Amino acid sequence: MAKTGRNGSRGGGRSSSVPLPLDLGAGAARIELRDALAKSVRTLNLGPTGTVLGPWPQDTITAMGAWLLERIDFVRGHARADEIKWDVCGAVAQARRVINAPSSSQQLAGRCEVCGGDIYAAPTSDIGACRQCERVVTGVAVRRGAMLTAAEDKLVTKRQALAILPSMYGVEVSDTRFRKWVSRGRLAVSGCDVADRVDLFRVADLLDLVHGEVRRSAMRKGASHA
Numbered sequence: 001m002a003k004t005g006r007n008g009s010r011g012g013g014r015s016s017s018v019p020l021p022l023d024l025g026a027g028a029a030r031i032e033l034r035d036a037l038a039k040s041v042r043t044l045n046l047g048p049t050g051t052v053l054g055p056w057p058q059d060t061i062t063a064m065g066a067w068l069l070e071r072i073d074f075v076r077g078h079a080r081a082d083e084i085k086w087d088v089c090g091a092v093a094q095a096r097r098v099i100n101a102p103s104s105s106q107q108l109a110g111r112c113e114v115c116g117g118d119i120y121a122a123p124t125s126d127i128g129a130c131r132q133c134e135r136v137v138t139g140v141a142v143r144r145g146a147m148l149t150a151a152e153d154k155l156v157t158k159r160q161a162l163a164i165l166p167s168m169y170g171v172e173v174s175d176t177r178f179r180k181w182v183s184r185g186r187l188a189v190s191g192c193d194v195a196d197r198v199d200l201f202r203v204a205d206l207l208d209l210v211h212g213e214v215r216r217s218a219m220r221k222g223a224s225h226a
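For the sequence shown, the working numbering assigns the number 1 to the initial residue and increments by one for each residue that follows.
Please keep in mind that the hints were generated in silico from the structure rather than gathered at the bench. Owing to the predicted nature of the structure, the values given are computational and were not obtained by experimental measurement. Don't take each hint at face value.
[Said to hold, decoys possible] Per label pair, the in silico range of CB-to-CB distance:
1) Ile-127 <-> Leu-46: 20 to 30 Å
2) Glu-83 <-> Gly-145: 34 to 44 Å
3) Lys-85 <-> Arg-197: 19 to 29 Å
4) Glu-134 <-> Ala-38: 30 to 40 Å
Even glycine gets a Cβ: it sits at the ideal position worked out from N, Cα and C.
The whole structure should be built from the sequences, with the hints applied where relevant.
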C-alpha cells in the first residue's frame with residue numbers, strides 16, 4: 001500500500017513509507033494463488049499458433065494445480081521454470097501463513113511497537129497480544145480506531161481493496177461493482193504502482209462509495225415501507 005496526501009495524483013508512484021499492517025486474509029491469499037497458477041498455465045500452454053500442452057484447465061485452483069502437476073516434467077525443463085517455481089511457491093507460502101494465522105474470531109488491532117509484529121484481539125476485548133513476541137497490550141479499541149483512520153488515506157490496488165474492505169471495515173464489494181465504479185468515473189484512480197503497472201485507489205474514496213450505497217439502499221427500503 002502507498003500513502004499520499006488527499007490531493008495525490010494519478011502519476012504518483014508507490015510510496016516508500018512503511019505500510020500499515022493489514023490482514024488481507026484468506027480471500028487475498030486465494031486470489032494470489034489462483035493468479036500465480038493461471039500465469040504459470042499460460043506461460044506453459046500458450047504457443048504462437050495455439051495451445052502447447054493440450055486443452056486449458058478450468059479456471060480454479062484445484063484444476064490448474066492438477067494440470068501443472070500432471071506436466072511437472074515439462075515444467076522442470078521449461079526455460080522459465082525458475083520463474084514459475086518462484087510465483088507458485090511464493091503464493092503457496094502466503095496461503096500457509098494465512099492458514100496458520102489467528103482464527104477469524106480475532107481481529108487485527110495494529111502493529112507492535114517493540115518487534116513490529118501484528119497485534120490481534122477478540123472483537124469485544126480491549127486486550128490483545130502480539131503474534132510475534134507475544135507481548136500483551138491494552139487499549140485495543142483505541143489502537144484499532146487509529147489504524148482504521150490511518151488506512152483511509154492509503155492507496156491500494158483493486159485486489160488489495162477487495163480483501164481489505166471486508167476484513168477491516170466489514171463491507172463486501174464485488175469485482176464487477178468495483179470495475180463499474182471505475183468505468184463510470186465514480187471511483188477515481190489516485191496513483192499508480194509503477195513496479196506492477198496497476199492503478200491505485202484511495203481507501204477513503206472507496207468507503208465513501210460504499211457508505212453512500214448503504215444510505216441509498218436504506219432510504220429505498222424506508223420509502224417502500226412508507
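**Request:** List in ascending order the numbers of the hints, as given earlier, that are violated by the structure.
**Result:** The structure breaks only hint 1.
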